[in-house]
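2 protein chains.
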Amino acid sequence: MSYAPDSTANLARFNQTLDASAQIGVGRPGGLSRLALSDADREMRDLFVTWCEEAGLAVTVDACGNIFARREGTEPDVPPVLVGSHLDTQINGGRFDGIAGVLAALEVVRTLNDLGHATRRPLEIVNWTNEEGARFSPPMSASGAFVGAYTTDWVHGLVDDDGLSFGAELARIGYLGDAPCAPRPIDAYFELHIEQGPILDAEGRDIGIVTAGYPSHGMRVSFAGRTAHTGPTPMDQRQNALAAGARWLTMADDIGWAYAAYDGKATAARLVAWPNKAGILSDHAEAVCDVRHPDEKTAGLMAERLRRAASESAARCGCSYKIEDEWHWGGDIFDAGLVASIRAHAARLGFNHRDLQSQAGHDAYFLARHCPTAMIFTPCKDGITHNNEEFCTPESFRAGLNVLLHSVVERADRV
Amino acid sequence: MSYAPDSTANLARFNQTLDASAQIGVGRPGGLSRLALSDADREMRDLFVTWCEEAGLAVTVDACGNIFARREGTEPDVPPVLVGSHLDTQINGGRFDGIAGVLAALEVVRTLNDLGHATRRPLEIVNWTNEEGARFSPPMSASGAFVGAYTTDWVHGLVDDDGLSFGAELARIGYLGDAPCAPRPIDAYFELHIEQGPILDAEGRDIGIVTAGYPSHGMRVSFAGRTAHTGPTPMDQRQNALAAGARWLTMADDIGWAYAAYDGKATAARLVAWPNKAGILSDHAEAVCDVRHPDEKTAGLMAERLRRAASESAARCGCSYKIEDEWHWGGDIFDAGLVASIRAHAARLGFNHRDLQSQAGHDAYFLARHCPTAMIFTPCKDGITHNNEEFCTPESFRAGLNVLLHSVVERADRV
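Chains as they are written, first to last, in numbering that gives the first Met the number 0: chain A, 0 to 414; chain B, 0 to 414.
Calculated directly from the structure, the hints in this document are not laboratory data. Hints may be right or wrong, so weigh each one.
If several chains are the same, the list does not tell them apart, and a pair holds so long as it fits within one copy or across any two.
As the list claims (entries may be wrong) - In the SDA-like style, the derived pairs of lysine to any residue whose C-alpha atoms are separated by at most 25 Å in a straight line are:
hint, residue 1, residue 2
1, Lys321, Ser310
2, Lys380, Val48
3, Lys380, Pro293
4, Lys380, His327
5, Lys296, Met234
None of the values given here were measured: they were computed from a predicted structure.
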């Protein structure tokens with residue numbers, strides 16, 4: 000038996016691997032709470048490395064904890080084809096988000112091992128550190144460093160809510176690797192991911208061909224006021240930073256509704272204040288909001304409204320404010336050739352497919368700055384994600400897994 | 000030398016005592032951060048008990064940690080006159096709020112000791128536990144239990160943000176006393192307090208005669224939603240509990256502004272959410288807001304608007320909500336006879352005085368349910384309080400201290 004256009008990945012083995020992952024970092028029923036660089040993340044990484052070594056792969060870890068598992072090609076000196084995603088989850092996350100992409104890459108390698116097929120270019124599986132950003136903000140920090148958007152030192156300096164740093168936690172769990180986390184030649188990057196939206200499930204599709212990412216803008220804003228007694232202080236003498244933050248979140252939500260009819264969204268995602276107690280006005284608040292819209296220009300307008308809202312909220316409450324951090328991703332970033340190849344394999348194999356935009360952020364967005372990149376989406380029930388009720392049937396991965404297999408081999412074997 | 004209508008308290012000694020207190024639980028420069036049942040609270044209590052014992056008082060501690068220091072009268076079996084306030088502070092508190100009232104009571108006793116004057120009724124100094132509510136909500140919990148508004152068990156079960164209980168922390172610092180915390184006969188209660196408002200300072204008054212408390216309504220509301228991804232989830236399918244909480248705080252602030260022209264206030268005081276992280280919609284939020292107005296009926300209308308705002312905020316964000324707790328204080332609660340006596344002594348001693356309403360909550364509000372009660376206010380600079388910049392000159396206590404002395408003796412000596 001050798002590799003052929005009708006070769007198939009081992010769907011049962013893939014799902015068994017997913018099930019094994021779902022035992023590590025168990026959260027609410029059915030879900031996972033496997034925050035980046037936690038003990039559960041270490042346990043999952045250890046198991047993943049074991050699987051890779053059993054598959055004959057050479058594992059290296061870089062200075063941001065990204066794990067690369069390499070299968071040599073017949074031409075070892077050419078840039079590899081990279082396939083992967085992330086094994087960390089949200090605090091109330093599902094068992095498929097990200098994980099399916101890393102384990103699908105593993106299944107591709109295992110299938111090629113079974114078939115005894117050596118690709119021309121090397122293949123590398125990758126697990127990116129802290130894609131979710133649930134513990135260390137911003138998300139996708141380590142894939143960002145890999146493509147040169149961030150420095151390793153900056154990523155190491157990120158701090159979680161308990162004051163623990165990314166660098167120290169990475170060392171603690173034993174995944175502060177020797178390899179530099181910096182751009183190196185990559186032939187192409189593929190990422191399979193659950194859709195995290197309701198479209199494929201609602202339309203009964205087998206697979207989604209990701210043509211672009213929803214343009215998204217996010218920002219973190221701090222508000223500064225002055226503590227005072229909640230009783231005697233007249234309204235016009237108050238500088239309540241918590242009220243300013245709450246106004247900004249409310250205005251963000253309003254912006255989302257204003258663009259909802261054309262699929263725009265805005266999220267009031269996070270608000271922390273100090274002292275944040277009954278009886279006293281807060282003198283500090285920090286908040287995170289984001290806006291998303293399928294149209295790049297409209298997304299930019301929404302972001303401008305969100306910036307203005309921060310200024311207006313602060314002024315209304317007598318506070319000062321500062322945009323501490325701002326990020327932007329999405330747009331028409333994926334490689335037309337790879338997208339066409341994925342679409343062609345989906346059609347050839349008889350899968351019910353459609354093109355769509357990705358609405359979430361992905362490591363692939365950073366990789367697209369560095370090398371030809373494409374994504375494959377698989378259905379998930381009702382689009383529920385970042386929730387323990389995230390659910391995908393074992394069968395739902397059949398199309399994605401096999402289209403990934405053939406797209407990767409086509410890319411890796413091309414002359 | 001014996002007690003006479005022109006006897007004076009020792010202002011210098013009182014201020015030295017205040018200074019000694021200001022060394023315990025130092026917070027931001029100039030201020031205190033002496034949360035209830037913290038190590039600093041214990042240290043302050045120990046020092047206070049030492050002072051009381053040096054003044055020849057018999058100290059008892061009740062089951063909620065309230066400290067009573069008793070000076071017998073010539074008729075020991077009649078109910079005592081109680082004088083005091085609280086020694087705990089906000090997290091960013093000043094060195095006078097509450098503390099001045101306890102130490103003024105101590106100074107009254109020391110002065111009577113110096114003068115060799117035994118009052119007819121016993122005098123008791125009291126330090127109420129957790130007046131601020133900054134660590135354990137609600138505020139004034141232990142004076143509430145003393146008058147029977149709460150049970151001791153309920154107070155013991157209050158939990159701080161770290162999950163530590165009032166009862167366990169009380170035992171830890173060694174102030175879980177043997178005396179029951181329950182109503183017992185009290186002849187009258189006096190509380191001296193800094194104004195915590197700008198009126199006396201702005202008008203150059205020596206002393207304020209508190210005629211009533213601003214009617215205040217507060218409530219703690221929880222919002223329940225559903226976690227989901229911030230990217231793909233359409234606006235009309237979101238159940239973002241944080242957004243609901245932020246809307247409620249914003250509407251509370253709006254209610255405050257709507258009544259600001261007639262001295263109404265509303266406070267967005269506290270908001271916590273979970274997971275409260277970028278990338279995910281929060282499924283839980285809890286918030287505290289309050290409203291205050293000098294007119295009882297208007298305060299009630301504001302509270303009704305605040306309740307309706309909770310319902311509207313939840314509905315707007317697809318969430319459910321629950322009013323977990325609700326409190327109300329203030330109104331025309333003080334004893335007319337005591338108020339008249341305080342006013343008369345202020346006039347007789349030539350102090351520039353005026354009547355005013357208290358805008359903050361005080362233990363005196365609970366005591367007024369149980370016995371004739373009155374409050375004396377002293378000026379504080381610009382009305383700044385619940386802030387480390389709270390400031391009172393040593394001289395600013397002269398009027399309050401001496402009016403307290405004579406009002407207490409008049410009450411305690413009456414036939």
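Quick rundown of the hints versus the structure:
1. Lys321 - Ser310: Within one copy only: 9 Å inside, 32 Å across.
2. Lys380 - Val48: Neither: 30 Å inside a copy, 65 Å across copies.
3. Lys380 - Pro293: Close inside one copy (22 Å), not across copies (55 Å); limit 25 Å.
4. Lys380 - His327: Neither: 28 Å inside a chain and 47 Å across chains, both beyond 25 Å.
5. Lys296 - Met234: between (39 Å within a copy, 20 Å between copies)
When held up to the earlier numbered hints, the structure conflicts with 2, 4 and fits the remainder.
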